[in-house]
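Novice: Listed below, chain by chain, are the residues.
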Amino acid sequence: MNDKTARGLAAVRSMPRKEGDRVQSTPRELSQETVWMLAVRDRRDRMAFAALFDHFAPRLKGFVMRSGTPAEQAEEIVQDVMLKVWRKADLFDPHRAQVSSWIYQIARNRQIDVLRKESRPVPEELAEDPDAEPDAGQILALEQETDHLRRALTGLKPEQREVIEKAYLGELTHQEISDQTGLPLGTVKSRIRIGLDRLRKELKDLQP
Amino acid sequence: MSEIRHHVTDAMLAAYAAGSLPHPFAVLVSAHVSMCPDCRAALEAHQAVGGVLLDQAAPVALSGGLKADILSRLDDEFPSEPVYARSGVYPGPIMQTLKGRAPRWKSLGMGVRQDILSENAEGSVRLLYIPPGQAVPDHGHNGLELTLVLQGSFSDETGRFGPGDLEIADEELEHTPVADPGEACICVAATDARLRFRSALPRLLQPFFRI
Chain A
1 MNDKTARGLA
11 AVRSMPRKEG
21 DRVQSTPREL
31 SQETVWMLAV
41 RDRRDRMAFA
51 ALFDHFAPRL
61 KGFVMRSGTP
71 AEQAEEIVQD
81 VMLKVWRKAD
91 LFDPHRAQVS
101 SWIYQIARNR
111 QIDVLRKESR
121 PVPEELAEDP
131 DAEPDAGQIL
141 ALEQETDHLR
151 RALTGLKPEQ
161 REVIEKAYLG
171 ELTHQEISDQ
181 TGLPLGTVKS
191 RIRIGLDRLR
201 KELKDLQP
Chain B
1 MSEIRHHVTD
11 AMLAAYAAGS
21 LPHPFAVLVS
31 AHVSMCPDCR
41 AALEAHQAVG
51 GVLLDQAAPV
61 ALSGGLKADI
71 LSRLDDEFPS
81 EPVYARSGVY
91 PGPIMQTLKG
101 RAPRWKSLGM
111 GVRQDILSEN
121 AEGSVRLLYI
131 PPGQAVPDHG
141 HNGLELTLVL
151 QGSFSDETGR
161 FGPGDLEIAD
171 EELEHTPVAD
181 PGEACICVAA
191 TDARLRFRSA
201 LPRLLQPFFR
211 I
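Residue numbers (the working numbering), protein chains in the order written: chain A, 1 to 208; chain B, 1 to 211.
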């Protein structure tokens, strides 16, 4: 972690931690995954990467296999995605994305690329001001918003949940989701919207 | 940049995040997102949903050597992938579709020019250059067509479209877009293959057309 990041996050880190250690996380501090990812990004911390691997790689394999990819090919995708997490770590911005969101998009892009055998079009990266101080409040707010979203998704009935999973695995359109369930994407969407206002403000500041 | 008024639908953003949009539309959606902070934020919110689902996915055990293999490769040299930055009025994803080259304009008459960036079973992506006051040529869309303005503006029966604005039109829409006076209008248009449109896309568009 560089000095600026360390200073900016000092306010939310209540205890010292060793590299790669799992610690109890409370709503007042960054999630373990974010801490690991920042250690990878800022210090090229291999222990933290190994910890991220242990958390995400088996989930990624399960997630990729859900869309019908055979186990062997799923492992190739896991491998590509995790290497990308290491190599592209400098693009991770905790103000705008949770580690899981970031890895989700890398994984979906990779799956499409494998199918199409060419790179799918991706939005331009936003250029961050290299002198910008990390905003711990913003990072925490995004984490809390994601927690709300997590609870909203966990509260769904299994059949509703199934439909949403299919949609985000690329198997359904949003409209088909509401057609099939007649339902509470409303809850999910309202959660998305709350998070959006915050993201939007952040993004407008970044726009040239 | 003036205010963007015509946006990608929420359903299209979700489909883009999930990777279920046909390629020509994915090009335009990612280009629009590059120009529009609101839609970028909305896209990132959809990615957050995907992230929570990934985080909650049931873990599946990995082959024994996978972790050690990856850890041993962290220092490997790797080919750097090309990053396509905006060039002039062309956002990164359009530069990516151009493979980094400048447009190769072909005249369609009346000062109108086009460059077909891709055309295959999935549909087409083409750049159009329309002098002020000229009508946008009928490019024979028989399904869904997205048009993203990169420079200048055009107007039709449904409104005015300036830089960053995305027009979503299906075959029901009878319209005659005309480039506005002033600067020439440069836009990028994407169509989907007809069959695919018939099967999957009307549903995607319903929320939009209901407005």
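Among the clues, some could well be false.
[Claimed, not checked] Label-pair ranges, simulated between beta-carbon atoms: (1) B/Ala135 / A/Glu133: 48 to 56 Å; (2) B/Met110 / A/Asp147: 54 to 62 Å; (3) A/Ala132 / B/Glu77: 50 to 58 Å; (4) A/Arg46 / B/Pro132: 54 to 62 Å; (5) A/Lys117 / B/Arg104: 20 to 28 Å; (6) B/Arg160 / A/Pro70: 46 to 54 Å.
Hints in this document: simulated from the structure, not taken from any laboratory.
Backbone N, C-alpha and C fix where the C-beta goes; we use that ideal spot for every residue, glycine too.
Novice: For each hint, tell me whether it holds in the structure or not.
Specialist: Evaluation of the provided hints:
Here the CB-CB span from B/Ala135 to A/Glu133 is close to 51 Å, well matched to the stated 48 to 56 Å. A hinted range of 54 to 62 Å holds for the C-beta pair B/Met110 and A/Asp147, which are about 57 Å apart. Remark: the range hint 50 to 58 Å for A/Ala132 to B/Glu77 is contradicted by a beta-carbon distance near 31 Å. With their beta carbons about 59 Å apart, A/Arg46 and B/Pro132 fall inside the hinted range of 54 to 62 Å.
In this structure the hint that A/Lys117 and B/Arg104 lie 20 to 28 Å apart at CB holds, the actual value being about 24 Å. With their beta carbons about 50 Å apart, B/Arg160 and A/Pro70 fall inside the hinted range of 46 to 54 Å.
Checked against the numbered hints given earlier, the structure breaks only hint 3 and satisfies all the rest.
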